[in-house]
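Visitor: Between the sequences and the hints, there should be enough to build the whole structure, so can you do that?
Chains as they are written, first to last, in the working numbering: chain A, 1 to 117; chain B, 1001 to 1109.
Think of the hints as simulated: they come from the structure by calculation, not from any bench.
Result set (BS3-like, lysine-lysine): computed pairs, CA atoms no more than 30 Å apart in a straight line:
| no. | chain 1 | residue 1 | chain 2 | residue 2 |
| --- | --- | --- | --- | --- |
| 1 | B | Lys1054 | A | Lys36 |
| 2 | A | Lys22 | A | Lys53 |
| 3 | B | Lys1096 | A | Lys19 |
| 4 | A | Lys36 | A | Lys53 |
| 5 | A | Lys19 | A | Lys53 |
| 6 | B | Lys1054 | B | Lys1091 |
| 7 | A | Lys38 | B | Lys1091 |
| 8 | A | Lys19 | A | Lys41 |
| 9 | A | Lys40 | B | Lys1091 |
| 10 | A | Lys41 | B | Lys1096 |
| 11 | B | Lys1091 | A | Lys41 |
| 12 | A | Lys41 | A | Lys18 |
| 13 | A | Lys19 | A | Lys38 |
| 14 | A | Lys38 | A | Lys9 |
| 15 | B | Lys1091 | A | Lys53 |
| 16 | A | Lys9 | B | Lys1096 |
| 17 | A | Lys22 | A | Lys40 |
| 18 | B | Lys1091 | A | Lys22 |
| 19 | A | Lys41 | A | Lys9 |
| 20 | A | Lys36 | B | Lys1096 |
| 21 | A | Lys53 | B | Lys1096 |
| 22 | B | Lys1096 | A | Lys40 |
| 23 | A | Lys36 | A | Lys18 |
| 24 | A | Lys41 | B | Lys1054 |
| 25 | A | Lys40 | B | Lys1054 |
| 26 | A | Lys18 | A | Lys53 |
| 27 | B | Lys1096 | A | Lys22 |
Computed from a predicted model, the values in this text were never measured in an experiment.
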Amino acid sequence: DTEVTQTPKHLVMGMTNKKSLKCEQHMGHRAMYWYKQKAKKPPELMFVYSYEKLSINESVPSRFSPECPNSSLLNLHLHALQPEDSALYLCASSQVLRTAHSNYGYTFGSGTRLTVV
Amino acid sequence: GIQVEQSPPDLILQEGANSTLRCNFSDSVNNLQWFHQNPWGQLINLFYIPSGTKQNGRLSATTVATERYSLLYISSSQTTDSGVYFCAVGKTSYDKVIFGPGTSLSVIP
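Guide: Shown next as structure tokens:
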């Protein structure tokens, strides 16, 4: 299995709703990432998990709450979002440890297109 | 933090033409990747290439780490090559990877 699966693919939520985005990989990768991408812009890093521990939080507002329950799963819990949070949310995974012939390229999921109304 | 520049910002090619995309970065890196984002938003990793040269079919990439740039070559372009090409760099194999602004490529029949 060489892919990252994200669900749902599309999500429309109100500003008072609570929802969660899910990301799953079975490649044995021990680093997982959340990125946010607005139209015609590059992806922006939100969170990095390494060995199921949060290692980077790029000053993301607390209405976004990440969770890594095990080495294959990454969730992003959403609460009280604003319309400007509407974007494509991308999950990625990669290897962590450096070995001579490994490929540390990121594998991205297809994303969740989020619309906040 | 590291600054990443990509050129050209936009490129239109006739099918069958060759092209070279460039990525400049402001600091030493140990992690450099090229991605293709198709019109539906899927990001595909093309190369992990912090240094040296790699080839994969019609695509090849070269990174000259000492001079802080990387090049992506596309030969015999096809309409399916259309989309945005991103260079992404970082200091380690994981950690904070920063995306450049991208090159938007349109290949016309």
